[in-house]
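Starting from the given sequences, assemble the full structure and let the hints guide the process.
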Amino acid sequence: MKSVMNASLKSFLKSAAGALLGFFIGLIICKLAGESPIKVLKVLYQSSFGTGYDFGMTLFYTAPLILTGLAVAIPFKAGLFNIGAEGQLTIGALAAAWAGVLGAHLQSPAIAIGFAFILSFLAGGVWGAIPGYLKAKRGSHEVITTIMLNFIAAGATAYFTLYSIKDPDSSQAETIPIPPVFHLKPFQIFNGAPMGELILVLIGIVLLLHFILWNSVWGYELKAIGENERAAETYGISKQKVWLSSMFVAGGIAGLVGVVEVLGNAHRFKIGFSADYGFVGIAVALVARGNILGILPSAFLFGILQKGAGSLDLETDKVTRDLSYIIQGLIILGVASEGIWDSLKLIRRKKNA
Amino acid sequence: MSAIEFRGVSKRFGNFYANRNLSFQVKTGTIHGLIGENGAGKSTAMKALFGIYPLDEGEILVQGKPAKIRNPVHAMKFGIGMVHQHFMLAGTETVLDNIILGHEPGWIWIKRDQALSELKKISTLYGLHFEKWDHPVSSLSVGEQQRVEILKLLYQRSDVLILDEPTAVLTPQEVKELFQNLKKLKDEGKTIILISHKLKEVLEFTDAITVMRRGESVGTKVTAETNEDELAQMMVGRPVSFTYQGERKMFANASDMKPVVRIRDLSVESSTEPVKKVSFELRPGEILGVAGVQGNGQSELLRYLTDPKKFTKSAQGEYFFQGQDASHLGPLEIRAKGMGLVPEDRLSEGLLLQQDMTENFLLGQHQDSRYQKNGLLLRKKATEAVNAKIKEFDIRPPFTTVWSGRMSGGNQQKLVIARALDSNPSVLYVAHPTRGVDVGAIEKIHDAIVQERNRGKAILLFSSELDELMDLCDRMLVFFNGEIRSEYKRSEFDTWSIGRVMGGGDR
Numbered sequence: 006m007k008s009v010m011n012a013s014l015k016s017f018l019k020s021a022a023g024a025l026l027g028f029f030i031g032l033i034i035c036k037l038a039g040e041s042p043i044k045v046l047k048v049l050y051q052s053s054f055g056t057g058y059d060f061g062m063t064l065f066y067t068a069p070l071i072l073t074g075l076a077v078a079i080p081f082k083a084g085l086f087n088i089g090a091e092g093q094l095t096i097g098a099l100a101a102a103w104a105g106v107l108g109a110h111l112q113s114p115a116i117a118i119g120f121a122f123i124l125s126f127l128a129g130g131v132w133g134a135i136p137g138y139l140k141a142k143r144g145s146h147e148v149i150t151t152i153m154l155n156f157i158a159a160g161a162t163a164y165f166t167l168y169s170i171k172d173p174d175s176s177q178a179e180t181i182p183i184p185p186v187f188h189l190k191p192f193q194i195f196n197g198a199p200m201g202e203l204i205l206v207l208i209g210i211v212l213l214l215h216f217i218l219w220n221s222v223w224g225y226e227l228k229a230i231g232e233n234e235r236a237a238e239t240y241g242i243s244k245q246k247v248w249l250s251s252m253f254v255a256g257g258i259a260g261l262v263g264v265v266e267v268l269g270n271a272h273r274f275k276i277g278f279s280a281d282y283g284f285v286g287i288a289v290a291l292v293a294r295g296n297i298l299g300i301l302p303s304a305f306l307f308g309i310l311q312k313g314a315g316s317l318d319l320e321t322d323k324v325t326r327d328l329s330y331i332i333q334g335l336i337i338l339g340v341a342s343e344g345i346w347d348s349l350k351l352i353r354r355k356k357n358a
Numbered sequence: 018m019s020a021i022e023f024r025g026v027s028k029r030f031g032n033f034y035a036n037r038n039l040s041f042q043v044k045t046g047t048i049h050g051l052i053g054e055n056g057a058g059k060s061t062a063m064k065a066l067f068g069i070y071p072l073d074e075g076e077i078l079v080q081g082k083p084a085k086i087r088n089p090v091h092a093m094k095f096g097i098g099m100v101h102q103h104f105m106l107a108g109t110e111t112v113l114d115n116i117i118l119g120h121e122p123g124w125i126w127i128k129r130d131q132a133l134s135e136l137k138k139i140s141t142l143y144g145l146h147f148e149k150w151d152h153p154v155s156s157l158s159v160g161e162q163q164r165v166e167i168l169k170l171l172y173q174r175s176d177v178l179i180l181d182e183p184t185a186v187l188t189p190q191e192v193k194e195l196f197q198n199l200k201k202l203k204d205e206g207k208t209i210i211l212i213s214h215k216l217k218e219v220l221e222f223t224d225a226i227t228v229m230r231r232g233e234s235v236g237t238k239v240t241a242e243t244n245e246d247e248l249a250q251m252m253v254g255r256p257v258s259f260t261y262q263g264e265r266k267m268f269a270n271a272s273d274m275k276p277v278v279r280i281r282d283l284s285v286e287s288s289t290e291p292v293k294k295v296s297f298e299l300r301p302g303e304i305l306g307v308a309g310v311q312g313n314g315q316s317e318l319l320r321y322l323t324d325p326k327k328f329t330k331s332a333q334g335e336y337f338f339q340g341q342d343a344s345h346l347g348p349l350e351i352r353a354k355g356m357g358l359v360p361e362d363r364l365s366e367g368l369l370l371q372q373d374m375t376e377n378f379l380l381g382q383h384q385d386s387r388y389q390k391n392g393l394l395l396r397k398k399a400t401e402a403v404n405a406k407i408k409e410f411d412i413r414p415p416f417t418t419v420w421s422g423r424m425s426g427g428n429q430q431k432l433v434i435a436r437a438l439d440s441n442p443s444v445l446y447v448a449h450p451t452r453g454v455d456v457g458a459i460e461k462i463h464d465a466i467v468q469e470r471n472r473g474k475a476i477l478l479f480s481s482e483l484d485e486l487m488d489l490c491d492r493m494l495v496f497f498n499g500e501i502r503s504e505y506k507r508s509e510f511d512t513w514s515i516g517r518v519m520g521g522g523d524r
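Chains as they are written, first to last, in the numbering used here: chain W, 6 to 358; chain E, 18 to 524.
In short, the hints are calculated from the structure, not lab data. Mixed in with the good hints there might be a few duds.
Some but not every residue of chain E turned toward chain W, in silico, with C-beta under 7 Å [said to hold, decoys possible]:
no. : residue
1   : P348
2   : P360
3   : S365
4   : Q389
5   : P414
Using 25 Å as the maximum straight-line C-alpha spacing, the simulated BS3-like pairs for lysine-lysine come out as follows [to be verified]:
no. : chain 1 : residue 1 : chain 2 : residue 2
6   : W       : K244      : E       : K326
7   : W       : K244      : E       : K354
8   : W       : K82       : E       : K390
9   : E       : K354      : W       : K246
10  : W       : K244      : E       : K390
11  : E       : K327      : W       : K244
12  : W       : K142      : E       : K397
13  : W       : K15       : E       : K354
As the structure is a computational prediction, the values presented were derived from the model and not from experiment. In this text, a Cβ means the ideal position worked out from N, Cα and C, and glycines have one as well.
Quick look at the structure:
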């Protein structure tokens, strides 16, 4: 147990060092572009922690990334690469909006919000389970099917938004607003930023999933299939069951982005609301190295950068939004180039020899 | 003149010496055996020779001159080549393309004709009799693939050929053929280094043998002047017995006991090798051996016995386990009825290499009520159990947190066997229990198997080592071409008779 903790701590430190390295290179590029790195750091700090509102907004950007990061990391443990979080969250968000239509008569906020929660989870889960099922039954590769289902999700949600539950009073492509009983209340200290108790719930979900994956028989089977499919099957673990269930859970968790967006922020479903959360989630999971707890700092880091991208664009002369994305990319590269540490060690050893 | 000489070579990993002051010479134009237990430093020495690991101390001489080899490609320039245990071939490409890969003649277009005529010359010169140049590699037998690897080295003009455990995957006939070929190469002046842990082979086919233990050379012997016992003692550091020395309990009414496994007219369709109309019974207190050259249906039989559910469409016949029809059950259900399994290949079928011992111990037992409650694993209990097994089976290193992939073959196998025995099964399906296992561990494993028999367990033992089967079994079934060709009682065991049946002949 102790060595497990040490190993994951070590891998976390490696990630953090990689992220710092990438960030450092990013600052050098800002310098080359003619902007003082100190100023960049200051702006980033101000934009993410400066006021209650800023911090609330940072958390608002972080929340969907926690969910999509999980949606990538969980199937990854079972050896699956889920590129479909984007589609799963879109379906989940439409389901959250639809919960408002179906539950228009509901009086109790707890029941209403719970209803939307469950509907988003189920809708995203079913959407995620489709590639799981196709892989289990027909051997279709999940990377292909999840990508394709992203397009289908975009088309299908657009159709339902425009033809089934469109807001007749709006000229935008958006659904009927959900009744106030569904609204999530933001914290006062965030001064208008749309984030409240929900962030605590999301942290709770991360902790719960960490516990389940490490302690449950289900988590064990997931890991066994992911590590050695043939051995796991020889000892009676069904890969079909594992693929289907892990993709269902992943899709469901991605679907909860709908709760963050629809119940917490827009109070309706808008076509194209997602800032590529599903794809940034892949980076979040990568930086966390598949470690479930690592999703939290990793998503927060990307939340800061997403929030900061806008501020940097406005408050500096040279650092545009595109340059911010370059910095994000460098951080991912820094973490991904794990081999760098080993080769640094080797160089040091050779010098000593 | 030495083709290769190690002079005081040391290679450290941290404080651990994988090779320490290693010195030995390989004479030109000989077959030289390099033997030692797993982890004795044989592969480190070879990796040092190929420049994969830089040396910490000492030097390596090639043809009498100090050589600083930087990497395997560079090693080719010194005329050194290696046939790895797992072949490095592209299965879908032709034999010719595999051989010339990296050394294609021609500049823009590959001059395959030129390469082919050269290869034909090489093949005749060394008497290798190879014809299938335009066949895809995947259509060749394992023995033929190995010959392709050797041809590749000859085409690259290697003078020193290193073969890593070349016989591990071969049938007895192929082994014989391989060594005939190696002898021809030797006669043409090539030098061959044979890495192996099979003492019999090394004794039969080499000119000299270097024994390694704990990274050092224990000594180099002229093959004609040594024997199995001496080599084994050098390898392990203590005398080793090759036959089971313990008690063998007699069961008075053995043949009256009710069979625990009954197979009748079992046929299994398979893309590899079908099982055809097989019938046998397995009783408590006996070890029933399944002999046969690899690839005659034994693997398919074992796979069926452990997971008949998977074969509901492709198998016919009866499978009774503990008196009940088992032909529709999955691995966990049969296990729950009292099956323990030691699978054929522990690396691909038995272990999670990047998980620790506890996690590996749980594999297959993860739904057992002893190790889970309400869907949550009881890891503490599992770890306690593993600690007890570590003591019982002398598993090393003795820490439950070690990744199974970092353990030696023998210790991995002990872990797999300990896991199979943990649920106190009444039936054990054991396949190749000592394959790739060091001599010291073989004794322990054989002891454990016979002791289970003495406790009244029914054991079905699959092995490609006839000596092992003859030593341990009470009865033996000989497979050929998917059928049971003959059955032998212990009193009838005879190497030559069984060997004939294994090859498709008569008793």
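- Task: If any of the earlier hints don't hold here, list their numbers in rising order.
- Result: 5, 12, 13
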